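Here's the letter readout for the chains.
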Amino acid sequence: MGRKILFITTDQMRYDAIGANGGNVARTPNIDSFAANGISYDRAQPQNVVCMPSRSTMVTGQNVGTHGVWMNGVPLPVESPSVAAVLRDAGYRTALIGKSHFEPLLDPFLRFEENQQGFTGATEGHRGFDHMELATHGAAGFTHYSRGIRTNHPEAIGMFFQVLDGDLEVSDVPGGDTGAPQIKRNAVPRDWYHTDWVADRTISWLDGLNADDDWFCWMSFPDPHHPWDPPESELHRVNWRDLDLPAGYPQNQAEREAIIDSKPRHWRLWYDGQLVSNYEAPGKWVPATLTADQILEVNAMTHIENELIDEAIGRVLAAIDAKGWSDDLDIVFTTDHGEFQGDFGFLFKGPYHVDSLMRLPLIWRPAPSAGGGIDATARVSKPVGLLDLAPTFCTIAGVQPPDWMEGRPLPIDDADAHARGFERVTTEWDSRQPDGTEIHLRTIMRDNFVCTTYQPGTVHDGTEGELYDLALDPLQQINLWDDPDRRSLRDELLIDLAAHFVEPREFRHAEAPV
Amino acid sequence: MATIRSHARVQRNADDVWKVVGDPTRIVQWFPGVTAATVEGNIRTLTLAAGLPVFEEIVTLDHRMRRFQYRITGPLPVKYHLGTMDVIEDGEPGCLLLYSTEISPDPMAFVLDGVISEGIGNLARMLNDHTEDER
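Going down the list, the sequences are from chains A and B. For the first sequence, the numbering used here begins at 1 and goes up steadily by one. For the second sequence, the numbering used here begins at 1 and goes up steadily by one.
Honestly, the hints are just simulated from the structure, not real lab data. Here the structure is a predicted model, which means the values were calculated and not measured. By construction, the Cβ of each residue, glycine as well, lies at the ideal position given by its N, Cα and C atoms. Among these hints, one or two may not hold up.
[As the list claims (entries may be wrong)] Mimicking DSS-like on lysine-lysine, the simulated pairs with C-alpha atoms at most 30 Å apart in a straight line are:
{"hint": "1", "chain 1": "B", "residue 1": "K79", "chain 2": "A", "residue 2": "K184"}
{"hint": "2", "chain 1": "A", "residue 1": "K184", "chain 2": "A", "residue 2": "K284"}
{"hint": "3", "chain 1": "A", "residue 1": "K284", "chain 2": "B", "residue 2": "K79"}
[As the list claims (entries may be wrong)] Stretches of chain B that chain A covers, calculated by requiring three or more beta carbons in the stretch to come under 8 Å of a beta carbon on chain A:
{"hint": "4", "stretch": "74-81"}
{"hint": "5", "stretch": "115-123"}
Produce the complete structure using the sequences and hints provided.
Put into structure tokens, the structure is as follows:
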């Protein structure tokens, strides 16, 4: 009997969302306990800051340029390699419960396997998962969760925020006390909400296993990704009027806009509502209209959703403990990408490679029975990426990571990271919109610097960039790209980026906007 | 408004290809996710795999030009749509199959681009393999 693996992901969660990383609003005792008894990674980055590319990296252990899911809407080919298949072949029982998003969600012709299974209720899984029960951010679409709501609680369908508007654009309908986009008071009972559903279905799957089974379960919560519509019964947890504005939000408008103007021009174009750079944020919403109160209310909703996730995790841990598996259980907790949550005056995400979107919570709580010299209270400051997760799971299972995985097993402390050369992490963005808008970013993070170069597109000519000194400017408000004193540093980082970045071999068809 | 286009060369003569393309009910043989198609007058009604209907107006069915045009009228969230299929004799062996679409809102272009590309591929394979008569 080997080690069990519980892989917990959230969607669009910031590094500072949890107590263990300095968050002081949402109560996250279960997640914090992973950090208290495990390894926290203080510089974990996704290889792309939207869902499908990032999740494809998690399941393949590959760079975006290799797995080819270069933007949302591009499906991960069914024949792509999968860590779940590796573990299954090693004798593990495997499941993915919650949000997968390896294939487009907007699929009226029902072309994609995950949507077909959600529509019919089949759970046989694919991509190496024996079992899949899928959910996304509400009651729409072809997921097992939405099927359950439609079948058992049809009155709840209209309670959720409707994510797409009549133009099939991401909706900017305002709500809440402040009129912030994508906030809705949701009358859905808590136990019908997708967070608790993911925990319930995980417990149900675990209940079906034999005591001596080895298992890998990816428990994937759709929250705290927008829309911000947690169950209304839970709104008492955090009053937005009691919150402080984020440190990353310059309250003085002139100061805020000067910071934005120091960055490549798509920042200001989006801020003023003159550019829709990507589908993931409401196309009709103008960030310049965002008020301080709206930021606070969005943050309050996010904290509430994070508390619900933590409590759902606690229920799953109790179920695992009741089965006597806790000593043999490895837990890995992370998310696919971050969220602005008011930083620089923005919400949502897009081609903006700053810590709001790129710095992720990542914790590995090794199985207590594993021992092996792991300092289970380490904090790793060296950069790691989500592409390092799949080989880590292999190592936990006692399997040699296959050659097609491009990441490496996560370091267990900074000395290990140093010895194995964890010096840099790269992140990319590519997007093409139906109106022809194209944006391409290539980013390297190393030595406490974040350096982004822009390839030619319809907004940039290829000369633009961003360079931030995280030690002196952790909020990334001072763009050093054009600072002559940093020119040699910039050149050195770009050479290193070029040497380690995996360029896409082709840009496959997007099959849906998301 | 977004414009998309897919094409395929088919190793069959244009008349053979038009027998399939020019019969609006035969879309079920090659278009992904379409399980039924009926035509009454100039209205084609499709049934998708999820049970959803799609209502379409047949705009052009020109056997001489070998051109089929249609508009989606509901209930997909379409503000404007015109789909055009042309079967073209271009002097080369076989013929050229061209599927052009104008659509608004723009996000629907992503959805249709993928499914039409797959459909055109299916249709070309079916015709090249001479399996279109296995109805």
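| task | Could you work out which earlier hints the structure fails to respect and list their numbers in ascending sequence? | result | none
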